[in-house]
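Trainee: Each chain is listed here by its residues.
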Amino acid sequence: MSNYSAFEIIGPKMVGPSSSHTAGAARLGRVASKLVIGKIEKVEFHLHGSFAKTYKGHGTDRALMAGLLGMKEDDENLKYSLEIAKENGIEYQFIEDDLGEVHPNTVKFIIYQREGKDVEIMGSSIGGGNIKVIEINGMKLEFVGQYPTLITKHLDSPGVVSKITKILSDHNINIAFMSVFRQDKGQDALMVIESDNKLDEALVEAINTSSENIKEVYIIEGL
Amino acid sequence: MYNFKNGKELINICKEQDKKIWEVMLLREVKNSERSYEEIFDQMKDNVNTMLIAVEKGINSDRKSISGLVGGDGKKLKERYLNDRTLSGKRTLKATAGAMAVLEVNASMGQIVAAPTAGSSGILPGVLYMIKDEFHVDDDTLVKALFTASAIGFVIAKNATVSGADGGCQAETGSAAAMAAAALVEVEGGTPEEALNAAAMTIKNILGLVCDPIAGLVESPCVKRNAIGATNALISADMALAGIGSIIPFDEVVEAMYNVGKSMSPTLKETALGGLAATPTGRRITKEIFGE
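These protein sequences, in sequence, are chains Y and Z. Just so it is clear: in the first sequence, position 73 is 73 by the working numbering, and no numbers are missing. Add 223 to the 1-based position in the second sequence for the working numbering, that's all there is to it.
The hints are simulated quantities; they were obtained by calculation from the structure and are not laboratory data. Some hints here could point you the wrong way.
[Claimed, not checked] Here are some, though not all, of the chain Z residues that point toward chain Y, as calculated from beta-carbon distances under 8 Å: (1) I236; (2) L250; (3) V253; (4) N255; (5) N329; (6) A338; (7) T340; (8) F370; (9) A372; (10) G439; (11) V441.
Beta carbons: idealized from backbone N, C-alpha and C, even for Gly.
Chain Y extracted, bound-state conformation (with noise of 0.2 Å):
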């Protein structure tokens, strides 16, 4: 019984075919690309249940591909990513598999850089257009990129997270949403935290340099 905007009835404007299988897909690959720091060299998309059995005919491949390469779900070049992407020299490859007990519209991105680590991501679509992230390098967490959204990598230790409280504080940064994910007692910890304001590198930095504790921070544009 939801209280929806007349832009919740009448939009979103997006390229179709399909809000769930198109313009969800896309979202996933642009959430994907803000963890890429370099260049791509090559990317394999690994596709779970209705992703997997009709990406060809929703043109899903195109619009992940899309979605990495930084376009929008109404951007009238998502049909050309393929393309885009093999001028670009990125290798990719489409790999149907089975994810588990996951959404049936999943998928998991594995990201080859030129310099630095493999991505690895793992996201749902789950319907009209709405996203959820499930799995980054494969630590379990969730959020939905509809708010700027800051991730870190951290050991978890004692003060981290109020460390990196303090510094969003300091930079008048209000958390709507805010969520620990620790993978094992003492081992890596995932923190994702979700913002009413816009995140900058400046806060990046500032965090990253805080604490030998903290591994990795990312930001996300809210969707």
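Assemble the complex: chain Y is given as a structure, and chain Z must be docked to it using the hints.
Mentor: Coordinates of chain Z only, in the frame set by chain Y:
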């Protein structure tokens, strides 16, 4: 002050404030979003423009969809209303061809506005295209028409569903057609009650329609279901403007549609397991597109 939960409350607000549906919906948006009237109006104007561009693009194109299953039918219908004596009349066919054209653009990965979904995105552009061309209404009137339409869509989404996967095609193209019918009534000077009567009759006319896309793609029969949705909207709007009422009120029709959708077999709700998708030809085409 402008919030409503159903058609009855919407009509009451219209009466109390002496306003049309489009105006109530727009003022509701201003209140709920805390954005300016102008900003919201302009955002909807962008939707009108995107819709009309999609019609123009599709109606002049033979471009096939990714699967090759659909494409070029909007143009065929346009050539008929331009060159031949038609049975259903030029205006009806113009709206219908426009609706098909947009779904064809959608299926070939062109830009559209979900209205309310991608699979039903042709119906509103089709009727807007026709009234702009035939009645020379200005763009602001078309923007208002989309606010009327969104009010109807909102009531359906809030009390039932606009998704084929949840309620069958009756919920998806049925909602789009009901939204279009109400919009047409207001553009043509009808009252809010007449607009709701038109929306009610539109849904009644296709109550029970299943969602059975071949190969699960938003192509066939979706393009033609958008065609008949546009036609349904025109006829229902004309009936309402003639003073014909809906015997079952709009809110009860929406509830009936929801209940019919719930009792529909899952094979008939976008799973491509029943209806046309499960016919020998439907299965053959599926194999041709996806392999074994």
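Trainee: Confirm or reject each hint.
Mentor: Comparing the hints with the structure gives:
1. With its C-beta approaching chain Y no nearer than about 15 Å, Z:I236 sits outside the 8 Å limit, and its interface hint is violated.
2. Annotation: interface hint on Z:L250 violated; nearest CB of chain Y at approximately 11 Å, more than 8 Å.
3. Because the closest C-beta pair between Z:V253 and chain Y is about 10 Å apart, greater than 8 Å, the hint is violated.
4. The restraint placing Z:N255 at the interface with chain Y holds, with a minimum CB-CB distance near 7 Å, inside the 8 Å limit.
5. Hint status for Z:N329 relative to chain Y: holds, with the closest Cβ pair at about 3 Å, below 8 Å.
6. Here the hint on Z:A338 is kept, as its CB sits about 5 Å from the closest CB of chain Y, short of 8 Å.
7. For Z:T340, the suggested interface contact is upheld, since its CB lies about 7 Å from the closest CB of chain Y, less than 8 Å.
8. At a threshold of 8 Å, the smallest CB-CB gap from Z:F370 to chain Y is about 6 Å, leaving the interface hint in force.
9. Among the interface hints, the one on Z:A372 holds; its C-beta lies about 7 Å from the nearest C-beta in chain Y, closer than the 8 Å criterion.
10. Checking Z:G439 against chain Y by beta carbon gives a least distance of about 5 Å; that is within 8 Å, so the hint holds.
11. Below 8 Å, beta-carbon pairs count as interface contacts, and Z:V441 has one with chain Y at about 4 Å; its hint therefore holds.
Taken one by one, the earlier hints fail for this structure at numbers 1, 2, 3, listed in ascending order.
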